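Please arrange chain B on chain A, whose structure you already have, making use of the hints.
Number of protein chains: 2
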Amino acid sequence: MKILETRTAPNPRRVRVFLAEKGIEVPFEQVDLMKGDLKTDAFTSLNKLQKVPVLVLDDGTPICESMAICRYFEELQPDPPLFGTGPRGRALVEMWQRRMELGLMSAVTTAFRHLHPAMVSLEVPQVAEWGEINKPRAVDMLKIMDEQLASNRYIAGDAYSVADITAMVSIDFMKPARIPRPEGLDNLTRWYGEVSSRPSAKA
Amino acid sequence: MKILETRTAPNPRRVRVFLAEKGIEVPFEQVDLMKGDLKTDAFTSLNKLQKVPVLVLDDGTPICESMAICRYFEELQPDPPLFGTGPRGRALVEMWQRRMELGLMSAVTTAFRHLHPAMVSLEVPQVAEWGEINKPRAVDMLKIMDEQLASNRYIAGDAYSVADITAMVSIDFMKPARIPRPEGLDNLTRWYGEVSSRPSAKA
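From first to last, the protein sequence lines stand for chains A and B. Heads up, the first sequence is in this note's numbering, so the first residue is 1 and it goes up one at a time. Heads up, the second sequence is in this note's numbering, so the first residue is 1001 and it goes up one at a time.
Read the hints as simulated data drawn from the structure, not as lab findings. None of the values given here were measured: they were computed from a predicted structure. Treat the hints loosely; a few may be bogus.
Capping the alpha-carbon separation at 27 Å, the derived lysine-lysine pairs in DSSO-like fashion look like this [claimed, not checked]: (1) Lys-51(A) / Lys-39(A); (2) Lys-143(A) / Lys-175(A); (3) Lys-48(A) / Lys-35(A); (4) Lys-1039(B) / Lys-135(A); (5) Lys-1175(B) / Lys-1202(B); (6) Lys-143(A) / Lys-1039(B); (7) Lys-1143(B) / Lys-135(A); (8) Lys-1035(B) / Lys-1022(B); (9) Lys-143(A) / Lys-1048(B); (10) Lys-1143(B) / Lys-51(A); (11) Lys-1143(B) / Lys-1051(B); (12) Lys-1135(B) / Lys-48(A); (13) Lys-1051(B) / Lys-143(A); (14) Lys-39(A) / Lys-1135(B); (15) Lys-1135(B) / Lys-135(A); (16) Lys-1143(B) / Lys-1175(B); (17) Lys-48(A) / Lys-1143(B); (18) Lys-175(A) / Lys-51(A); (19) Lys-35(A) / Lys-2(A); (20) Lys-1022(B) / Lys-1051(B); (21) Lys-202(A) / Lys-175(A); (22) Lys-1002(B) / Lys-1051(B); (23) Lys-1135(B) / Lys-51(A); (24) Lys-1175(B) / Lys-1135(B); (25) Lys-175(A) / Lys-135(A); (26) Lys-1051(B) / Lys-135(A); (27) Lys-2(A) / Lys-48(A); (28) Lys-48(A) / Lys-1175(B); (29) Lys-202(A) / Lys-35(A); (30) Lys-135(A) / Lys-51(A); (31) Lys-39(A) / Lys-1143(B).
Which stretches of chain A does chain B cover? Using the computed rule of at least three CB atoms under 8 Å from a CB of chain B, they are [stated by the list, open to error]: (32) 65–79; (33) 83–96; (34) 168–179.
From the three backbone atoms N, C-alpha and C, an ideal C-beta is built for every residue, glycine too.
Here chain A stands alone, though its shape is the one from the complex (with noise of 0.2 Å):
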């Protein structure tokens, strides 16, 4: 079993940091997006979609997309749950971790993707003000979640979960995607400070 991954992107992070929080060791390989590696035959016949991260099953098949390597962690080994527990804590944690990565995640990877120099030749064409729509955008589910950690320790409610680790990361990638954070939000900043310190976030 291994991980093919690019360490700089963000979706394989998501998956390091899941590992990292259920304590399971894979090796994980380098290929670089930025040089190519994507587009090669041998990557292809792995994902048509010319993405990472892959996990390689020891039976040579391939399971592509950040949230189904992490089900299938969580289906061999449950402890801790970071897709939550019993049918309503696991429609939320659900909930939350598809609106940080369709609401947050892809706003900010959006205006990376399309306003970044160094995706010119990655996303194709850029659209420049497809790019600058989604900076506020991103910025409004910050308040959401603002609101939401009010009254919640985490993401999802009383436990950490992969929601939190989707929402990390994105607020990590609002650096290169060039969009400040705005001020005031003092419940995110606080769960921010919290999850940022687990050993997890240095994975």
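Same frame as chain A, now just chain B:
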């Protein structure tokens, strides 16, 4: 328990097809996103993101996001399994469900939202260039599906799953999104005929 939805929108249809496959009946309440029903205080208190569908549990808890709602019912009633079986099977369903959602459904709905005159007051501002870019991306994903369906009865393998639901709903939504379906994708045509003739497709 009830589900708030707009009947014409693609995401609520995913939940209706899912429930029909499970044989679960839940009362539906219509809110019309075209008439501004999602912008009211009452609806916003259920979902700050102002999107349908929303499942309201008996204790009043709102569960937003179609896939969170579907997973809730999968937990309550595991048979027939629509999110796969076993760690490897569930990971593959999640992988394909996400490919269908992020690669196909997102491209189709982006074309619709950024190009259709009916969306002018809901997608602000519309970016026509971004809408046009997404049309060929949807078609590219249909080609990947056609290859996958050459050796698999359903999108994620031998069993019908939530990945088929997202894919079928997305393909049907290509019509209002004005994306023509390319000819010559015979495996896709075989599969589409099969999933569309299931009773759940009428839900």
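Pair hint outcome, Lys-202(A) versus Lys-35(A) [Cα-Cα no greater than 27 Å]
Holds, because 25 Å separates the two Cα atoms, which is no more than 27 Å.
So if I understand the rule, the pair passes when the alpha-carbon distance is 27 Å or less; does Lys-1143(B) with Lys-1175(B) pass?
holds, 18 Å
Checking one constraint from the list: CA of Lys-1143(B) to CA of Lys-135(A), max 27 Å. Satisfied?
Not OK: Lys-1143(B) and Lys-135(A) at ~32 Å, beyond 27 Å, violated.
Just to be careful, I want the Cα atoms of Lys-51(A) and Lys-39(A) compared with a cutoff of 27 Å; is the pair within it?
holds, 9 Å
Has the given pair, Lys-1175(B) with Lys-1135(B), been kept, meaning a C-alpha gap of at most 27 Å?
holds, 12 Å
Checking C-beta pairs, does the segment 83–96 of chain A have three or more residues closer than 8 Å to chain B?
holds (count 8)
For a C-alpha distance cap of 27 Å, please report whether Lys-1035(B) and Lys-1022(B) respect it.
Status violated; Cα separation ~31 Å.
Does the structure keep Lys-48(A) and Lys-35(A) at a Cα separation of 27 Å or less?
holds, 17 Å
Given the hinted pair Lys-202(A) and Lys-175(A), is their Cα-Cα distance within 27 Å?
Roughly 16 Å between the alpha carbons, so the hint for Lys-202(A) and Lys-175(A) holds.
Straight-line Cα separation of Lys-135(A) and Lys-51(A) no greater than 27 Å?
holds, 23 Å
Satisfaction of hint between Lys-175(A) and Lys-143(A), Cα-Cα up to 27 Å
holds, 18 Å
Are the Cα positions of Lys-39(A) and Lys-1135(B) separated by 27 Å at most?
Roughly 22 Å between the alpha carbons, so the hint for Lys-39(A) and Lys-1135(B) holds.
When the structure is compared with the earlier hints, violations turn up for hints 7, 8, 11 and 34 and for no others.
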